[in-house]
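**Student:** Given chain A, put chains B and C in place with the hints provided.
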Amino acid sequence: MRISLTVNGVREEAEVEPRLLLVHLLRDRLGLTGTSVGCDSTSCGACTVLLDGESVKSCTVLAVQAEAAEVVTIEGVAADGELSPLQAAFQKHHALQCGYCTPGMIMAATSLLKERPDPTEEDVRRGLEGNLCRCTGYRGIVDAVLEVASEGGAR
Amino acid sequence: MTSMVGAAVVRKEDPNFLMGRGTYVDNLQLPGTLHMAFVRSVEPHARLGGIDLTRARLVPGVVGAFAAADFPSLPSLGGPSPALERPTLATDTVRFVGEPVAVVVARDRYAAADGAAAVRVDYEPLPAVPSLQAALAEGAAILFPEAGSNVVNEMPMADDAEAELGAAPHRLPLRLVNQRLAAAPMEPMAVAADWGPSTLTVWASCQAPHGVRNRLSALLGKPSHEIRVIAPDVGGGFGAKASWYPELLLAPLLSRRLGRPVTYVESRSENLVAMTQGRDQVQDIEVGFDDDGRILALKVMVTQDVGGYPYGDAPGLPFLTMIMAAGCYRVPKVAAGFRAVVTNTTPVSAYRGAGRPEGSYLIERVVELIADETGVDPLEVRRRNFIPFDAFPYPTHLGPVYDSGDYQASLAKLMEMVDYDSLRREQAGRRDDGSAPLLGIGFSTFVELGGVGPSALMEGFGGLGGWESARARVNPDGSVVLLVGTSPHGQGHETMFSQIAADVLQVPFERISVLHGDTATVQEGIGTFGSRSTPVGGEAVKRASLRAREKAAQIAAHILEAAPEDLDMVDGRFVVRGSPDRGVDWAEVANKAYRPTQLGDIEAGIEAAATFEPPNLTFPSGAHCCVVEVDRETGKVGIRRYVAVDDCGVLVNPLMAEGQIMGGVTQGIAQALYEKVTYDGGGQPLTTTLAEYLVPSAAELPRFEMGHTVTPTPSNSLGAKGIGESGATAAPQAVVNAVVDALSHLGVRDLEMPLTPERVWRAMQGGAR
Amino acid sequence: MIPAPFDYVRAGSVDEAVSLLGRHGEDAKLLAGGHSLLPLMKLRVAAPAVLIDVGRLAELRYVRDAGDQVAIGAMTRHRDLETSELLGREVPLLRHAAAQVGDPQVRHRGTLGGSLAHADPAADLPAVILALDGTMVAQGPGGRRTIPASEFFRSIFESALAPDEVLTEVRVPKVPGQRWAFSKFNQRAQDWAIVGVAAQRRDGDVGVALVHMGQTPLRAAETEAAVRQGAGPADASALADRGTDPPGDLSASPEYRRHLARVLVRRALERL
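Residue numbers (this note's numbering), protein chains in the order written: chain A, 1 to 155; chain B, 1001 to 1769; chain C, 2001 to 2272.
Just chain A, with the same shape it has in the complex (with noise of 0.2 Å):
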């Protein structure tokens, strides 16, 4: 069936078998593979963007539940090739190494933000608890988003 959507700002259309996962609409049929595949469980996150402003785990939502909504993508992220605040304190506090998990990670983390302005270490943690990083022990991915939140925000 014929679905349109928004993503990073541009209209698309495709035409997609009703089974078709929205993170291999972005990847396979988009070209956007910043989004990642990491499970088949819904445990690990990678596959993080925002719908309609708020983060979901792209493999878990059928393409065509994105009708008419307006995606988010980590290519939506930086503004004219600059990194965002939170893309930028990510590398200042070193919170990525294979960088995997990573955009899900930040989307993820934009979401949060967005929801819980002023979180606590804590917050960030639990905010964080849906998307699993093998690399890092989270530590430089907790202070960026601490750091951004108390910046002022994530974008």
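Treat the hints as calculated values from the structure; they're not laboratory data. Just so we're clear, the structure is a prediction, and the values are computed from it rather than from any experiment. Be a bit skeptical, because a hint or two may be false.
Here are a few chain C residues that face chain B, going by a calculated C-beta distance under 10 Å [what the hints assert, rightly or not]:
(1) MET2001
(2) LEU2043
(3) ILE2194
(4) ALA2252
(5) HIS2259
(6) ARG2266
No farther apart than 30 Å at their CA atoms in a straight line, the calculated lysine-lysine pairs in the DSS-like style are these [stated by the list, open to error]:
(7) A:LYS92 x B:LYS1413
(8) B:LYS1551 x B:LYS1592
(9) B:LYS1222 x B:LYS1592
(10) B:LYS1012 x A:LYS114
(11) B:LYS1592 x B:LYS1012
(12) B:LYS1012 x A:LYS92
(13) A:LYS114 x A:LYS92
Glycine residues also receive a C-beta, built at the ideal position from the N, C-alpha and C atoms.
**Tutor:** Same frame as chain A, but now just chains B and C:
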């Protein structure tokens, strides 16, 4: 110029990842790519009956479906002997759930999944032996009848230390289990292959692209200059992406057969049964010691589960456990041996630490038991047994020589960060207060083995050697390109090697690029594993840079009409010693380096190569402390503090070194509290998704605190030991020791990992699970 | 990772959803947030031939004052419950529990109706609604009916809904100012409860319901009776696992679950 080595600079490679521009294999999207899917055995041990591919071939979008019989002379994945080889696709017998039986290729991943689901396989189940106990039992089914036994490798003890154990004032047995873990990198395995008219190109999420190329060359009968292997961005490896997988061979073969690129991307469920797994040892230990807690004799017999095929590193890994069994301690007599056993489970190979965490775990539990028996404080037992600072280089009982270390200093530094007396008072107070969780304090003083390694040792593991290569090339504008034979999967090599070269060449850090992971452009290399990239790769980079600088100095000397030995480098300028106004900067040297008209007899160009053969392994060490709280009613463990003091010799980038520690410690904590690959009695895997295999999130972990001591290694001129596996080596016992400490007043002396709430609860009741 | 193929249709109204269910029968499943159903379909454990998407029925997304009850539309997401001021005042137990479901991403998609209709005894909100003595409103071809929570959960993954019925609304009694407790015991924060307890004081009575202690969420009936008779938390909670049939799995044995139920119920009662 301030030194770049030692600077906590942020990473150059980050912007690509942060912007979602990582080049992981599944991001490639070559035109015309076909997708490959496996049909995997659902039986742990069975004869293969018929494989019916007809329905699969009719699924829309499916281009082909193949079993072993469809490949003429399909090479195997190797093994220690012909009788013990692992087939690329199962032929007559399957030996673990998840073993590939057939492969389907389709125009997209959805059709490939449908095709795989339409394959019908007949299995004639055989008795399964999915555990060490089952595989070693009298009358157990033998996985490889030609071998006659499920014991596929062994190193008997040279002697059993009975005299020394018998003479010791105290003697204790101990049985420990180091449970099976899944590497579970966030990116599962992925391979793409494009077999063109003359060149085969393979993109592999791997740790050693040159090794992959060489092996493909041997297996395919195609000369290596016609094979290009690229490790693009790799989403974590942890040792498991150094293993050899069926897809590495099948994707190229299918690409050749079908005339199009073929890609394979593993799902997580597949990954948790197909990627080689780690640890899985049972250790039977006896220790002899005196009233002061001095260890007099240690006997360790390791039984290693290698999984359904002994084709990975597992049959030899216990040797590393044996080497490290005495840890940081001076033990007069060590006797060790092992046997490696096949079982109907996923094959086992290297996983972060690869045999050494098993060794450090055992000795650190032994030390705690000694403390418990003698009443000597566990820290004091450690101090009394430490190899002293002046005893290095220290030859271990099996030959490898510890390079350097100051274990007393690391522990002392740790104790500055931990208010031990206050914690003990708090612990005592809580024992009397029924409403508060119990408090436990655990320590881990460890030494581990890195910088692999001297080629004589590496050849024993089947590699070309343990050297590493680097080339340094200065461009006409004075910017620098380094080509390194290592292959990162999160370690930040582009940053780290730039720091080393920046210091040697006195070229700005920002004007250095690092190329890696492409066998077409990068010279022969060994790859990244065994904590080797800094101590071995870094030294190669340093030497290549030094040679490049020498060439540049020759050119500068020519320009300045001086002798090269009369020149110094000061802030990126070549100056004549004693005449600081007579100098020439890099820009001019680099430009003229490519102008023969300016060079007299000197050959144009500035490019130098180096291959560094390490004279020894390195031995990073450290002292960690874990403070836990245990809910006295439920047994749930929470980590209140985790403090790590590490000694990796000279730190090239402290920010990145701490990242490696935190990541490794997290995996170690996960081993202690959360993770275990579990099979049921019939050999069916139970931990097949990340909902059952409990990789922890930020919510489960504390804010790590870190410190460092520095004992440089003499094994390279950087003094750097490497650090990648230290955290995973140190942490499990720190946590277990802490929980046992929390429960010691209840008579608990030992606990098996993972310390699930139920297991802890049962221990508190006096039972065991 | 890839679901089996299926047909998909969007229902523009509840009536249309009912009619579609009637037409497709056992072949069809309703799709709301998809966070109970899609994970099963991706592992090919479930493979319905038809998905009827009710997720866009905006008219079913509400949290309303309904006199002495709060009425919640079935398409209300956990996130909506988590942020509802009305619930915060009138039924804080539900608001608090909704904030514990899954993780933030899951809560942005998962719905109350979807969770209840899925009837997983390991899920949090069925036990909460049971503890509150809530009422479900279902619409079928014959019209509308109400089903008390005590009759709604039949067995594991089986609710009292007929195959052609749609859960449209959940009603819970207002309990402003009355004490409550919720606890979810797990290893990782994102995990399902190994055992969970939802407890609500309603004047002299307590409603205590257990997560993951049987084929459905279960009321700790003997505990409740003991409290009614004046027993204290320790004595009343000792009865918490009576009438339960807890499973054994990778996380816990039945025996440990029974122990946890008693401990968690005692702690909950101490808060009431």
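**Student:** Tell me the hint numbers this structure goes against, listed in increasing order.
**Tutor:** 9
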